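Engineer: Listed below, chain by chain, are the residues.
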Amino acid sequence: MADVVVEQGRLARAASPRKRTSLRNAMGRKSTVAFFLTLPLILLIALLVLYPAFYSVYLATLNKAMTKFVGLSNFTFLFKRETFWMVVRQSCIFAITAVVFKALIGFIVAHFVHNIPGKKQRKWRGMLLVPWVIPPAMSTLAWLWLFDPSYSAFNYTLSFFGIGPIPWLGDTFWARFSVILVNVWYGAPFFLIMYLAALKSVPDQLYEAAAIDGANWWQKIWHITLPMMRNIIAITTLFSLIVTFANFDIVRILTSGGPLDRTHLFATWAFQVGIQSSDIPLGACVSLFMVPILAVAAVFILRDVNKRGNEA
Amino acid sequence: MSTLAIDKTGPTRKVKLRSMSRDRTWALRWSYFFLVLFAIFFLIPPVYMLITSLKSSAEISAATNPWWVFHPTLSNYVELLTSNQFLRFFWNSSMISIVVVIVTMLISIPAAFALARMKFWGSATLATGVFLTYLIPDSLLFIPLFKMLAVVQDFTGITLLNRWYVLVFIYPTLTVPFCTWIMIGYFASIPKELDEAALIDGASWLQTLTRIFIPVALPGLIAATIFAFTVSWAQFLYPLVFTTSIDQLVLPVGITTTLIKGDVFNWGQIMTGALLGAAPPLVIYAFLMDYYIAGLTAGATKG
Amino acid sequence: MAEVALRKVIKRYDDVEAVRGIDLDIADHEFIVLVGPSGCGKSTTLRMIAGLEDITDGDIMIGGDVVNDVPPKDRDIAMVFQNYALYPHMTVAENMSFGLRLKHYPKAEIKARVTEAARLLDITDLIDRKPKQLSGGQRQRVAMGRAIVRNPKVFLFDEPLSNLDAKLRVQMRIEIKKVHQKVRTTTVYVTHDQVEAMTLADRVVVMNKGRIEQIGTPNELYHKPATRFVAGFIGSPAMNFLPCRLEDAGGALQIRLTDRIAFALPPARATRYNALPRTDKLLLGIRPEHLTESHAHLGPGVETFDTVLDVTEPMGMETLVYFGLEGTPVCGRVDPNAGAADGAPMRLAMDLNNMHLLNEETGVVL
Chain A
1 MADVVVEQGR
11 LARAASPRKR
21 TSLRNAMGRK
31 STVAFFLTLP
41 LILLIALLVL
51 YPAFYSVYLA
61 TLNKAMTKFV
71 GLSNFTFLFK
81 RETFWMVVRQ
91 SCIFAITAVV
101 FKALIGFIVA
111 HFVHNIPGKK
121 QRKWRGMLLV
131 PWVIPPAMST
141 LAWLWLFDPS
151 YSAFNYTLSF
161 FGIGPIPWLG
171 DTFWARFSVI
181 LVNVWYGAPF
191 FLIMYLAALK
201 SVPDQLYEAA
211 AIDGANWWQK
221 IWHITLPMMR
231 NIIAITTLFS
241 LIVTFANFDI
251 VRILTSGGPL
261 DRTHLFATWA
271 FQVGIQSSDI
281 PLGACVSLFM
291 VPILAVAAVF
301 ILRDVNKRGN
311 EA
Chain B
1 MSTLAIDKTG
11 PTRKVKLRSM
21 SRDRTWALRW
31 SYFFLVLFAI
41 FFLIPPVYML
51 ITSLKSSAEI
61 SAATNPWWVF
71 HPTLSNYVEL
81 LTSNQFLRFF
91 WNSSMISIVV
101 VIVTMLISIP
111 AAFALARMKF
121 WGSATLATGV
131 FLTYLIPDSL
141 LFIPLFKMLA
151 VVQDFTGITL
161 LNRWYVLVFI
171 YPTLTVPFCT
181 WIMIGYFASI
191 PKELDEAALI
201 DGASWLQTLT
211 RIFIPVALPG
221 LIAATIFAFT
231 VSWAQFLYPL
241 VFTTSIDQLV
251 LPVGITTTLI
261 KGDVFNWGQI
271 MTGALLGAAP
281 PLVIYAFLMD
291 YYIAGLTAGA
301 TKG
Chain C
1 MAEVALRKVI
11 KRYDDVEAVR
21 GIDLDIADHE
31 FIVLVGPSGC
41 GKSTTLRMIA
51 GLEDITDGDI
61 MIGGDVVNDV
71 PPKDRDIAMV
81 FQNYALYPHM
91 TVAENMSFGL
101 RLKHYPKAEI
111 KARVTEAARL
121 LDITDLIDRK
131 PKQLSGGQRQ
141 RVAMGRAIVR
151 NPKVFLFDEP
161 LSNLDAKLRV
171 QMRIEIKKVH
181 QKVRTTTVYV
191 THDQVEAMTL
201 ADRVVVMNKG
211 RIEQIGTPNE
221 LYHKPATRFV
231 AGFIGSPAMN
241 FLPCRLEDAG
251 GALQIRLTDR
261 IAFALPPARA
271 TRYNALPRTD
281 KLLLGIRPEH
291 LTESHAHLGP
301 GVETFDTVLD
311 VTEPMGMETL
321 VYFGLEGTPV
331 CGRVDPNAGA
341 ADGAPMRLAM
351 DLNNMHLLNE
361 ETGVVL
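Order-wise, the sequence lines are chains A, B and C. If you're matching positions, the first sequence starts at 1 in the numbering used here and goes up one per residue. If you're matching positions, the second sequence starts at 1 in the numbering used here and goes up one per residue. If you're matching positions, the third sequence starts at 1 in the numbering used here and goes up one per residue.
None of these hints come from the bench; they were simulated from the model. Since the structure is predicted, the reported quantities are computational estimates derived from the model, not experimental observations. Some hints here could point you the wrong way.
Chain A residues, not near chain B, derived (Cβ > 10 Å throughout) [said to hold, decoys possible]:
| no. | residue |
| --- | --- |
| 1 | 158 |
| 2 | 259 |
| 3 | 277 |
| 4 | 287 |
In silico lysine-lysine, DSBU-like type, Cα no more than 30 Å apart, as pairs [as the list claims (entries may be wrong)]:
| no. | chain 1 | residue 1 | chain 2 | residue 2 |
| --- | --- | --- | --- | --- |
| 5 | C | 111 | A | 123 |
| 6 | B | 192 | C | 111 |
| 7 | C | 209 | C | 224 |
| 8 | A | 30 | C | 8 |
| 9 | C | 182 | C | 209 |
| 10 | B | 119 | C | 177 |
| 11 | C | 132 | B | 192 |
| 12 | B | 192 | C | 177 |
| 13 | A | 30 | C | 73 |
| 14 | B | 192 | C | 153 |
| 15 | A | 200 | C | 130 |
| 16 | C | 8 | B | 192 |
| 17 | A | 119 | C | 224 |
| 18 | C | 132 | A | 120 |
| 19 | A | 200 | C | 132 |
| 20 | C | 177 | C | 103 |
| 21 | C | 130 | B | 192 |
| 22 | B | 192 | C | 103 |
For glycine and all other residues, C-beta sits at the position ideal for the given N, C-alpha and C.
Excised from the complex, chain A in its bound form:
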């Protein structure tokens, strides 16, 4: 045993003049290990996210048969189509309206949940998050059935109040309303959960101090709750804006873009043009129009997330 120890010592001593190199080797080894640990991640992102993203730009410059480079003529073609501008408008209306209502409902309900005693909060929170848990394709089917032209359970109920029947999915206004309603239903719980977490992180002493300073409930929300939650509200809203803007499932199942393309979003229209009508370049072109707004939102999210990280 002792011999071995001495032997080790000699080895170590012999190694000491070459310290710098061996240190560099150790650093190199660590980097190599780290590189291999992240390699699958890098490959996945490079091959299945970055490459397709750039490939999409390339595809958008081809003709329908994908045999010829046509430059920007797909884009100029889109600019001349009325449907395209309608989709742009609809996507913006859809995303902004839906996000505003999701944020409002989430904020209000979060306060109600926060008001009730701690033990019961869990149960209510669990119940209120259910829409977010059900796969949207599945829950939208239930909405589709609730909006059914002849058997709508809503119209059945409303008929007792002398209202209706409402053409939920058949009329432009109501179809847009329904699509937004379902999206709000699906997305509001996410806001609720984020806000609830943020509300819990505001120290009670702040409210007590404000109460002693004579603030009423509205002043407490305006001067304490909102500023304290500003960052999380910004992140949640921007994130929801991206997801809502790029939404596909709900519109696809509920209306397939109808009536007369009046509810199409970028995603559903790109699907119809690119996959169903097999004009891949034009479809790629349509979906690329989402990039600017997504990029802007992403930059702001990143800024806020980093800010949060620095606060913590």
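Position chains B and C relative to chain A; hints supplied.
Structural biologist: Chains B and C only, in chain A's frame:
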């Protein structure tokens, strides 16, 4: 001194004489009132799924009160659960989701470990890149991915389109970035002294990862697993685009495309299918709600 | 069991030199405490001994072997961290045995060692608990237990008591001393608390700005500080430093503090300081306990002066008095019954037999 005197004659606040506890009681009552209203709004669709799934076609078309089941029957469930086609969808969905969860974990845990603990060239950029990737929606990539698969298929002769298992390679683009991001957060919150203690105790980095980091960050791991599973289970666009034959479909696509035959809607079965399709995430949620919510809120913090 | 030696050890982070060439010999069985203000390089030094930080230059030897490039696990050391760094998912026993299990020790031996360490630290009842269920002091014991079971050549402690409350800190300090008396393992202990350093150490290493200011036994440091930094750092309340100057007064040597106050030096001091130049750039260092109330039977070398107290702090067994001399705040310790009161005049006695004279510019004690 006199200049500092507070102006007592300024605007006076109306002093409410109601007691604090009475105010609170009323706030509580109103809270419950509105919570009930919102709970009804949030729970109508799943409840309506359940109601309809218990009805026969005859009762549905009879247009009786849609909110009540007069002759409850399980025939829709029996029919679906004995239909090879539906079981096939369920099987495809299950296989894909389970494999995707495993693949996701195999990719994101080592990557998160490296990004959280080993500072190397470009590691900060890569972490940011991972987060940005998470923000890229499926609806931006489905067309180029579809074309890529077609090109690779033509080039190699390996059938890629219309094969459910190809989705196993595609779905990780949706799950890995987020899971990596939240695992970075969980790993970074482990005190540095813990790995140093392990280092002195003689653990290699692999042992540090498997015997210290993974057990300590287990809540995060569970949250990430739940996220990966629910995302894979709910994914609708990619399978809709990449698969067409009935035996290759996953649950969401299968139910929406096969149960809706032209204009003939078999609503009893559709709702049953939708409910069964929603069941796995709901069951997981019911049992692991806290992890689910932890994962949901973890994305908004820096890793 | 081994001696530890540091030879001209340097640590550089980018441009900053955290440790600027340290030479230190630690004997076998010795308890060495590295003490200094935060940022003095003491923790970095400890972490370099542990192998958690690479050394930029110099050599570190454990048991006579250079370990510069030896990974921590092969240095045969054990470390106790400030936040204990217990593995939260393992029980106390599992925490203590983790290192042994990684090295595939036989089960029976692991059990024996854990039992023995638990008995030594009086945590036998806690052996199956998780760290979360333990109090701060108990966690501290477990962290020490984890070090003991390894039976390493060297124990390294990195501010292990900083997270405990004052009372527990005193208790654990005694506990650590007892354990060291039993296991006799060479120990390097880092702290910023000079009381901890004084009470625990065989020898204390005072560090400042990446350098060693002085190495010595607690008594040496207290009574014969080498520099102004050590003189000011060791002892609480801290030593007073009063600007002064040496004067010849009728063949005898005297020290002048103010126009009004000048003291003749006792003979031993006078011969020692006689060769010094008669400049203004000197500081008189005097500890508060050598500034007491005046009474009838003053010994030789004790001089009195009158002052007006600013503030008094009754501590029970003594009263601290604060006053100003030519604008320099001074602290003294008087008997609680000496009649010291805020704003009251008082006659104080300064024991010049225990004075220090420092060069104001270099900070060296003359």
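Engineer: Determine for every hint whether it applies to the structure shown.
Structural biologist: Verification of the hints:
Annotated as non-interface, residue 158 (chain A) keeps its C-beta farther than 10 Å from every C-beta of chain B; the closest such distance is 12 Å. Annotated as non-interface, residue 259 (chain A) keeps its C-beta farther than 10 Å from every C-beta of chain B; the closest such distance is 15 Å. Every Cβ of chain B is farther than 10 Å from the Cβ of residue 277 (chain A); the closest lies at roughly 12 Å, confirming the non-interface assignment. Residue 287 (chain A), annotated as away from the interface, has a beta carbon of chain B within 10 Å; the closest lies near 5 Å.
A C-alpha spacing of about 46 Å is found between residue 111 (chain C) and residue 123 (chain A), which places the hinted pair above 30 Å, so the restraint is violated. For the hint pairing residue 192 (chain B) with residue 111 (chain C), the CA-to-CA distance comes to about 28 Å; that is within 30 Å, so the pair holds. Under the criterion of a C-alpha separation no larger than 30 Å, the hint pairing residue 209 (chain C) with residue 224 (chain C) is consistent with the structure, at around 21 Å. Restraint check: the Cα-Cα separation between residue 30 (chain A) and residue 8 (chain C) comes to about 27 Å, which is no more than 30 Å; the hinted pair holds.
In summary, the hint linking residue 182 (chain C) to residue 209 (chain C) is not supported, as the alpha carbons are separated by about 35 Å, beyond the 30 Å threshold. Annotation: proposed proximity of residue 119 (chain B) to residue 177 (chain C) is violated, straight-line Cα distance about 39 Å (limit 30 Å). Only pairs whose Cα atoms come within 30 Å are accepted, and residue 132 (chain C) paired with residue 192 (chain B) is accepted, the gap being roughly 18 Å. For the hint linking residue 192 (chain B) to residue 177 (chain C), the alpha-carbon distance of about 28 Å falls within 30 Å, and the restraint holds.
With a C-alpha separation of about 17 Å, the suggested pairing of residue 30 (chain A) with residue 73 (chain C) holds against the 30 Å cut-off. Pair hint residue 192 (chain B) plus residue 153 (chain C) holds up; C-alpha atoms about 24 Å apart against a cutoff of 30 Å. Between residue 200 (chain A) and residue 130 (chain C) the alpha-carbon distance is near 28 Å, which keeps this suggested pair within the 30 Å criterion. Proximity of residue 8 (chain C) to residue 192 (chain B) is assessed by CA-CA distance (about 28 Å); at most 30 Å being required, the pair is judged to hold.
Among the hinted pairs, residue 119 (chain A) with residue 224 (chain C) is inconsistent with the structure: their alpha-carbon atoms are about 64 Å apart, more than 30 Å. With a CA separation close to 27 Å, the supplied pair residue 132 (chain C) and residue 120 (chain A) stays within the 30 Å bound. Of the pairs offered as hints, the one joining residue 200 (chain A) and residue 132 (chain C) holds, with about 24 Å between alpha carbons and a cut-off of 30 Å not exceeded. For the hint linking residue 177 (chain C) to residue 103 (chain C), the alpha-carbon distance of about 29 Å falls within 30 Å, and the restraint holds.
Annotation: proposed proximity of residue 130 (chain C) to residue 192 (chain B) holds, straight-line Cα distance about 20 Å (limit 30 Å). Among the hinted pairs, residue 192 (chain B) with residue 103 (chain C) is consistent with the structure: their alpha-carbon atoms are about 22 Å apart, no more than 30 Å.
When held up to the earlier numbered hints, the structure conflicts with 4, 5, 9, 10, 17 and fits the remainder.
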